[in-house]
Each structure stands twice: as structure tokens, then as C-alpha cells.
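Undergrad: Next come the chains, spelled out residue by residue.
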Amino acid sequence: MKKFERQQIAARVARDIPEGAYVNLGIGLPTLVADHLPRDREIVLHSENGVLGVGPRPAKGMEDEDLINAGKEPVTLLMGGAFFHHADSFGMIRGRHLDYCVLGAFQVSVAGDLANWHTGAPDAIPAVGGAMDLAVGAKNVLVMMEHLTKEGKSKIVERCSYPLTAAHCVNRIYTDLAVIDVKADGLHVVDIVEGLSFEELQRLSGVPLKRTSASKAA
Amino acid sequence: MKKFERQQIAARVARDIPEGAYVNLGIGLPTLVADHLPRDREIVLHSENGVLGVGPRPAKGMEDEDLINAGKEPVTLLMGGAFFHHADSFGMIRGRHLDYCVLGAFQVSVAGDLANWHTGAPDAIPAVGGAMDLAVGAKNVLVMMEHLTKEGKSKIVERCSYPLTAAHCVNRIYTDLAVIDVKADGLHVVDIVEGLSFEELQRLSGVPLKRTSASKAA
Amino acid sequence: MIDKFIATAQAALADVPDGATVMIGGFGNAGMPAELIDALIERGARGLTVVNNNAGNGDTGLAALIAAKCVRKIICSFPRQADSWHFDRAHRAGELELELVPQGTLAERIRAAGAGIGAFYTPTAFGTELAAGKETRRIGARDYVLEFPIHADYALIKADRADRWGNLTYRMTARNFGPIMAAAAKCTVAQVRETVPLGTLDPEVVVTPGIFVKRVVRIASLRKAA
Amino acid sequence: MIDKFIATAQAALADVPDGATVMIGGFGNAGMPAELIDALIERGARGLTVVNNNAGNGDTGLAALIAAKCVRKIICSFPRQADSWHFDRAHRAGELELELVPQGTLAERIRAAGAGIGAFYTPTAFGTELAAGKETRRIGARDYVLEFPIHADYALIKADRADRWGNLTYRMTARNFGPIMAAAAKCTVAQVRETVPLGTLDPEVVVTPGIFVKRVVRIASLRKAA
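These protein sequence lines map, in sequence, to chains A, B, C and D. For the first sequence, this note's numbering begins at 158 and goes up steadily by one. For the second sequence, this note's numbering begins at 158 and goes up steadily by one. For the third sequence, this note's numbering begins at 913 and goes up steadily by one. For the fourth sequence, this note's numbering begins at 913 and goes up steadily by one.
Worth flagging that the hints you see were computed from the coordinates, not collected in a lab. Here the structure is a predicted model, which is why all the values come from computation and not from measurement. Idealized CB from N, CA, C, for every residue including glycine. Heads up, some of the hints might be wrong.
Unchecked claim - Some but not every residue of chain D turned toward chain A, in silico, with C-beta under 8 angstroms:
{"hint": "1", "residue": "F939"}
{"hint": "2", "residue": "F990"}
{"hint": "3", "residue": "R992"}
{"hint": "4", "residue": "A994"}
{"hint": "5", "residue": "D1000"}
{"hint": "6", "residue": "E1011"}
{"hint": "7", "residue": "L1012"}
{"hint": "8", "residue": "G1039"}
{"hint": "9", "residue": "L1042"}
{"hint": "10", "residue": "T1085"}
{"hint": "11", "residue": "A1086"}
{"hint": "12", "residue": "R1087"}
{"hint": "13", "residue": "F1089"}
{"hint": "14", "residue": "V1117"}
As the list claims (entries may be wrong) - Within a straight-line C-alpha distance of at most 30 angstroms, the following computed BS3-like cross-link-like pairs (lysine-lysine) qualify:
{"hint": "15", "chain 1": "D", "residue 1": "K1126", "chain 2": "B", "residue 2": "K340"}
{"hint": "16", "chain 1": "C", "residue 1": "K985", "chain 2": "B", "residue 2": "K229"}
{"hint": "17", "chain 1": "B", "residue 1": "K229", "chain 2": "C", "residue 2": "K981"}
{"hint": "18", "chain 1": "A", "residue 1": "K296", "chain 2": "C", "residue 2": "K1126"}
{"hint": "19", "chain 1": "C", "residue 1": "K1126", "chain 2": "A", "residue 2": "K340"}
{"hint": "20", "chain 1": "B", "residue 1": "K296", "chain 2": "C", "residue 2": "K1046"}
{"hint": "21", "chain 1": "C", "residue 1": "K1098", "chain 2": "A", "residue 2": "K340"}
{"hint": "22", "chain 1": "A", "residue 1": "K229", "chain 2": "D", "residue 2": "K981"}
{"hint": "23", "chain 1": "B", "residue 1": "K296", "chain 2": "D", "residue 2": "K1126"}
{"hint": "24", "chain 1": "A", "residue 1": "K296", "chain 2": "C", "residue 2": "K981"}
{"hint": "25", "chain 1": "A", "residue 1": "K296", "chain 2": "D", "residue 2": "K1046"}
{"hint": "26", "chain 1": "D", "residue 1": "K981", "chain 2": "B", "residue 2": "K340"}
{"hint": "27", "chain 1": "C", "residue 1": "K1046", "chain 2": "D", "residue 2": "K1046"}
{"hint": "28", "chain 1": "D", "residue 1": "K1098", "chain 2": "A", "residue 2": "K159"}
Model the full assembly from the supplied sequences, consistent with the hints where possible.
TA: What follows is the structure, encoded as C-alpha cells:
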């Protein structure tokens, strides 16, 4: 078995985003998705600090400190983009106008609960940012994460042990081992990395998975 | 006694509005105030349909149907004006950013309750517009009205018999007979029309009035 | 390629079903999407709930929609006008339900729908008959009334310029309810004076970003004096 | 004549008292009113409650205000950053209270203050520890948390251009919290790159009307690359 690389996971997410979608890419791993969006599809990227139509990183020396994304990295603006203030930006999110958001995660539960903002460690200073708004607001919440922790434990869990970001919000999980849909009746495996059997994925995940007709090696 | 004319009442209101004030003039009688604002004071007029810096009526033939006030009359825009949408406009009102609004009234009670939107007649179709928002929102609510009904009854009353616009909202009343402040301890007469005694005003009003050191013939 | 331009008002409203909730922008003639309303009348959907500041005046626009017996209910702040005879007649005949809402509460309820707010407390109308039966709450030193969002199936608005992504600008006080209605409806249809190539509209100046707009129809109507 | 221009940042903040609630605009460096924060440090008011998206980073700006021991409490969404050491130290030492608010709820609470909303129900944070102890309510098919406005005594924001009435425009994503903070504070102080004669700003393009702004200071700072 050869696990999906980060760029492969990002490319797999990008494949699922259709023409015309309004999409927010969370800080960290999800930002990689931008590089894989097919050039023949117009997809409008939103950043919660008040911009639609986010374009690629500017060339060295062309950065402008007034044009950044939610990760505070310099970006550019595409033709057709627009600026607005923070309340309007989060109105868009909370008001269910975004078709997709892509978020990183510590854990996702079988019920689609998401934990991605706080380890819950007693001395940790928590920081939440826009994660809770995106998790409740986007029409489709896609999660990108490694399937297993460094200790080899599944990040897909019966119940999240970390503090929740939002309950029942995740629609699809993309990991280095599989693509899994979260549905009312449980977790449906869509793709499995080549060389990994459904049974082995089931064993590693430790929560019940369903094999669907669509389940196939990617 | 010679009652104040409508234009005199409007002029009297205008005298009380200081430089730099943000002001909304209600539909009807209050719109007359605009013509009396001293030219040497900069006062910014707001209209609830999304404009600050309302200027005078345009010259005949220069009207633009996209530039109107809340009374749907054509207006102009002063230098320094700005446009915004309806939620922002009423946010300004409700959020207590207007220094003054001037409203017409059917009745004002001794407690400062205002009735100005509905006669309560059983077959009347009511229409409220922005009156309730202005009455609760402006820092100072000024009322312009005739002192007496056509039947000679006082419009300043112990309790409003017409449906309320808002309770405890009126700060000052300008009538064709007097100028009266509404305070926690009752109604204080500021001005009386020439030739009318305090006692006669008291008799006509039918509610307790206080004579203040400032009470004087206008 | 994203292309929200549609050739005709009729095509843009061809799927409005009976019973839909339809927001209609405008305050007086400013921002009134006259040609879209005509197309809605032509479409002939019945039992509509209409959200507008007024309830129609004269014999055109919303008044004509009422006259055509398309409307079951109106949510508005100022129905009664000197020339609101179609509304007056239908309402008095019991054919047309009225929900009267203070103008600022109307605007905020529409805004709340677009912004995903479940309900909010406003000081407006507290202690009046328009708050009768509503939940109230004292917060700090003031009394408030609980109000709920107004969502719509369609919003019909009039803007000034649009690009093919549906970004909109408005013209003076024609802006009024347009931006908040655009965000509150599942399907927002904008009639515009002018369509422009993508990249023409200054991103600082776009008032309604295209995310809120599904369909754009250019109506090269003459601007009339008010 | 209305003239909101003030010569220096120091003069614009000379009356900030101990214990004031101060909103500070900006998201990263975009829209951060650096010179106003410096003037606030110089002013030396203590016991401040600061509202900002973050809790300072590096050794300048809000971090310097914390290092100067002016701040008693911070209301923000994202305090912990790689270089938020001044916040981290003061918070761990128990000198600095933290109210952690999801970013959209922070924005909406600020907006509610400016718009006179008494409280609102948001779906954000329902069922999480950030909603612990808060009132909740099921509305339709969703669960919501009740949230209250954040009012401020001062808002310190950075805009791009201003006229003497205090009308403001912003530059790209430097807009962020500026417009909503301007409306939520009793006294809003804007630092701007450029002041222009009245009538220069297109009325369609003014983002913050002067009604929300008390004082304007021109700071001809160089724009740094991010």
C-alpha cells in the first residue's frame, strides 16, 4: 500500500468541486486544494476576512499587506472578485451561501461531529477563529486529514474525545487512506488507496464502515 | 393670540438643531423643517430609504427617480452624502446614531408616549413605515403637531387613545401654541405663542403643565 | 464558465411555482424591478406570498400582480397609500392576507435570513399592537421584541450594473432592499440596466457579490423622471 | 462646519479613560491601526478591555499594549499564534482575562451593537464548550445559541481615504472589522492614508458613512510588503 500524499489528497478534494461552486479553504492542509482546482472550471474562493475571488499567491515582491487570506498569507484577486466587511463575510458563511468548505481535523465521529480547534489540553490556550462558523454554515463540509494519529489510532472515532467544533456537520472525509461519506446511516467508503483492502481499512478505522458499490481503489 | 403657522413651527424646530447633527425628518409636516435649517450650520439629513446628506428638491426637470426620500419625493444629494441599503439604514436608526428625528403625531402623552401611525378605526388599513423604528431609535424625538384637534380637543393627553408608536420616546413637542419638553417629572412649557397665557394654555391642554424659568412668549 | 446572464425576464422566472414566497425590491419606483414583475404576472403562479415595502400602487407593478389574483399574502410596512386600490379591495374582500411589519424590522428580518440568524431582539414596536402576542425580553435597561427571519424562494431586484458572475452595483436610493433580499432568497433574479465584462466592476464597489445572485437579465428600460 | 480631522493620533486619543472598552480593527496587518495603538500606549490608560480578532503578535501593536500592562481583558477569536508571547505570558500569569468568541459570532455581536439589536440567536458553537452556560433555543430544524452585542467606548480603525465629514473608504481586505466596529463604539477614531476634500468620495463607494466616525487622523505611513 502506498498512502496518498498530501498533494494527492488535495487533488482528490479538488476533483469533487464542481464548476461555479463558492468554496472556503481552511487554514493549513486545505489551502493545498487551490493548486489542484481544474483550470477549466470557474470556482470562486472565499476567505473569511472579507473577500470572494481569491487568486493564487502573488509573485515575489508583488505582495500587498492589504490583500491577504484568512491564514494571513498574501494572495491576489481574480477578475470578478469583491471585498466586504467581516459581518457580511460571516453572514455569507452562516447564511449557508458557501457550497463547500474544506477543513482540517483532529477527529471526525461516525455521526459527522467535527473536532478541529482545540486539543483540550489543560494548559493550552485555545483559538477558534472561523472554524465553528464554517462547520455549521457551509452546505458541504469536507474534511482533509491523516487517517491515523502518529500513535496509529484512528482519527475517525465513535465519539470525539477532543472538544467539538460542531456536531453533525461533516459530509465527506478525505484521508491518506480513503474517501468516506458521512451519511445518516453511517460511514460509506467511496475510495480506498491502492493496495489496501476494505477489511484492512475497517480494522485500522475501528468504527463500522459500509462498502458501497462505488467503493473502489482510487 | 395668533397661532404659529406651520412654517413658523418648522422654523422653531430648525432653531433647536445644532451644527453637525444627524437628523431624520418624518413624512409630512416635518419635511418643512429642511427649508428653515440655518445655512451657516452643517446638518446632515438622513432618509430611511438609504441616504445621508439629503439636499433640497431638484429644479423642475432635474428629478431622478432613483434619488428620492422616504416620502418618495425627488431630492438631491449634498457633497459628503452617501448611499447604503435598508438594513444598514435602519441599523443607524435603531442603533441610536441619529441625533434627532422630527415626527408628526396624532397624540403625545404626558409620559412621552407617541401615537402617530394608526387611528385604530376598525375599517382602516394600517401602515406603519419607519415610524416605530425612528421613535425608539433617535437620541432625541421631536414632535410637530397642531395643539388641538379639529374638535378642539388637546392632542397632548394623559394616555394615548390611539394605538402607540412607541412608549416614553418623545423629548420635545412643537405645536401651533407652544413648545413643551417631556421630562420624567412631567411637561415643561418652554415657549408660548404671543398673547396666550400659561393658564389658558393649561386649560386648553387639559393635562398638568409646569411653568419653567425658560417659559416665555416666543 | 460561470454565466448568470439570461436572455429574457420570462426565462428567468419560468420556474416560479404556485405558493412561492417572492421578495420584490424597490422603494417607490427606485429599485422596483418593473419588468420582472410583469414577467411574474405572465408566468401566472398563484398563491404567492410577496415581501415588499409597500402593497402596490396605481395599476402597474405589484398592484397589477395583485389585480391578477396571484398574491395570497403580503408582508410589508406601508400598504395603505392614496392609490393602493388593488390592495385595498383584495384585502377588504378577504382575498389577501396582510402581515404588517415596521420597516426596520422588515429590513432586519430579511437581513437575518441572509445571514443565518435564527431570531433577534429588536426594541422596535415594543409595547405596541404590532408586538401583540410576541415574545419580549428586557435586556439591560430596554425592552425588546423577538423577531424571526423572512426567507424567500425568489428575490426579484433591480440593480444598475452586473457582470456574468452576478456581481451587482446599484444606483443611488435604488439600492434600498436589493442587497438584503438578494441574500435572503434561494433564487435571486436581478434586472440590470447594463451588463459588463468580468473585471469591469471595481471589487471595492461591488455591493452585492455574485454569490447571492443566480440570474441576471438586462432590461434596457428608459429611465423615467420621478 | 463639520470637521472631524484631528492633527495627531495623540490628540485623537487624549481622553481615553482607564477601564474603557476599546475595539481595535485589523486582521493581521491589514487594517491594523498601528499608529493609533502606539498613541494609546502613550496615553497610558489602564484596565482596558480590548476587542480584536487576535491578541497581538510579535512585540508591536496590540502585543505592545499588552506588554505595557494596559489591558485587563481581551475579547477575540484567535489569541494563540506562534508569536503571541506577550498575550501568552500575561494570560498564564492571570493578569489578562480572555473571552474567546468564534470569529463570526464576534463580528455579529459587534454588528448587533451598532444596529441596536438586543441579542440574537446564532447556530455557531451550539453543542460546543464555547456555548457552555449560554441560553439555547431550537428554531425550525436547527439549534441556536443566544448571543449579546459588544458595545465599545472607542473604536480604533484604519481606513484608506476620508473627508472632513468622516466618510471612509477602505483598501481591499483591510476593510475587515472596520465598518462594524465604527458603528459599535461611542467614539470612533479612524487613521487614514489620505484625507480628501468633501465631495471627492463617490457616495456609492463610501463604505462607512461619517455618522459613525468622530475623529480622523491622517497617518502618511509607508505601506510595507506583507
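Undergrad: Decide, hint by hint, whether the structure agrees.
TA: Status of the hints after comparison with the structure:
At about 5 angstroms, the closest approach between the beta carbon of F939 of chain D and any beta carbon in chain A falls short of 8 angstroms, and the interface hint on this residue holds. Because the beta carbon of F990 of chain D sits about 4 angstroms from the nearest beta carbon in chain A, less than 8 angstroms, this interface hint is met. Nearest Cβ of chain A to the Cβ of R992 of chain D: about 4 angstroms, under the 8 angstroms cut. The hint holds. Below 8 angstroms, beta-carbon pairs count as interface contacts, and A994 of chain D has none with chain A, the closest being about 11 angstroms; its hint is therefore violated.
With a cut of 8 angstroms, the hint placing D1000 of chain D at the interface with chain A holds, because the nearest CB-to-CB distance is about 6 angstroms. Residue-level restraint check for E1011 of chain D is violated (minimum Cβ-Cβ distance to chain A is 12 angstroms; threshold 8 angstroms). This hint holds: L1012 of chain D has a C-beta 6 angstroms from the nearest C-beta of chain A, less than the 8 angstroms allowed. Interface hint status for G1039 of chain D: upheld, as the beta-carbon distance to the closest one in chain A is roughly 5 angstroms, under 8 angstroms.
Satisfaction of the interface hint for L1042 of chain D is found here, the shortest Cβ-Cβ separation to chain A being roughly 7 angstroms, below the 8 angstroms cut-off. The interface hint given for T1085 of chain D holds, since its Cβ lies 5 angstroms from the closest Cβ of chain A, which is under the 8 angstroms cut-off. The beta carbon of A1086 of chain D comes within 4 angstroms of a beta carbon in chain A, closer than 8 angstroms, and the hint placing it at the interface holds. Because the beta carbon of R1087 of chain D sits about 5 angstroms from the nearest beta carbon in chain A, less than 8 angstroms, this interface hint is met.
Because the smallest distance between the Cβ of F1089 of chain D and any Cβ of chain A comes to about 5 angstroms, under 8 angstroms, the interface hint for this residue holds. For V1117 of chain D, the interface hint is violated, since its Cβ never comes within 8 angstroms of a Cβ in chain A; the closest pair sits about 12 angstroms apart. For the proposed pair K1126 of chain D and K340 of chain B, the alpha carbon gap of about 29 angstroms is at most 30 angstroms, so the pair holds. Between K985 of chain C and K229 of chain B the alpha-carbon distance is near 24 angstroms, which keeps this suggested pair within the 30 angstroms criterion.
For the suggested pair K229 of chain B and K981 of chain C, the alpha carbons sit about 27 angstroms apart, so the restraint of at most 30 angstroms is met. In summary, the hint linking K296 of chain A to K1126 of chain C is supported, as the alpha carbons are separated by about 16 angstroms, within the 30 angstroms threshold. As the CA atoms of K1126 of chain C and K340 of chain A are separated by approximately 29 angstroms, the hinted pair is consistent with the 30 angstroms bound. Simply put, K296 of chain B and K1046 of chain C have alpha-carbon atoms about 26 angstroms apart, close enough for the 30 angstroms limit, and the pair holds.
For a cut-off of 30 angstroms, the pair hint linking K1098 of chain C to K340 of chain A stands: about 24 angstroms separates their Cα positions. For the hint pairing K229 of chain A with K981 of chain D, the CA-to-CA distance comes to about 27 angstroms; that is within 30 angstroms, so the pair holds. Simply put, K296 of chain B and K1126 of chain D have alpha-carbon atoms about 16 angstroms apart, close enough for the 30 angstroms limit, and the pair holds. Straight-line distance between C-alpha atoms of K296 of chain A and K981 of chain C comes to about 36 angstroms, which puts the hinted pair past the 30 angstroms bound.
For the proposed pair K296 of chain A and K1046 of chain D, the alpha carbon gap of about 26 angstroms is at most 30 angstroms, so the pair holds. Between K981 of chain D and K340 of chain B, the direct Cα distance comes to roughly 44 angstroms. Violation of the 30 angstroms bound is thereby established for this hinted pair. Restraint check for K1046 of chain C and K1046 of chain D: the C-alpha separation of about 22 angstroms stays at or below 30 angstroms, so the hint holds. Among the hinted pairs, K1098 of chain D with K159 of chain A is inconsistent with the structure: their alpha-carbon atoms are about 60 angstroms apart, more than 30 angstroms.
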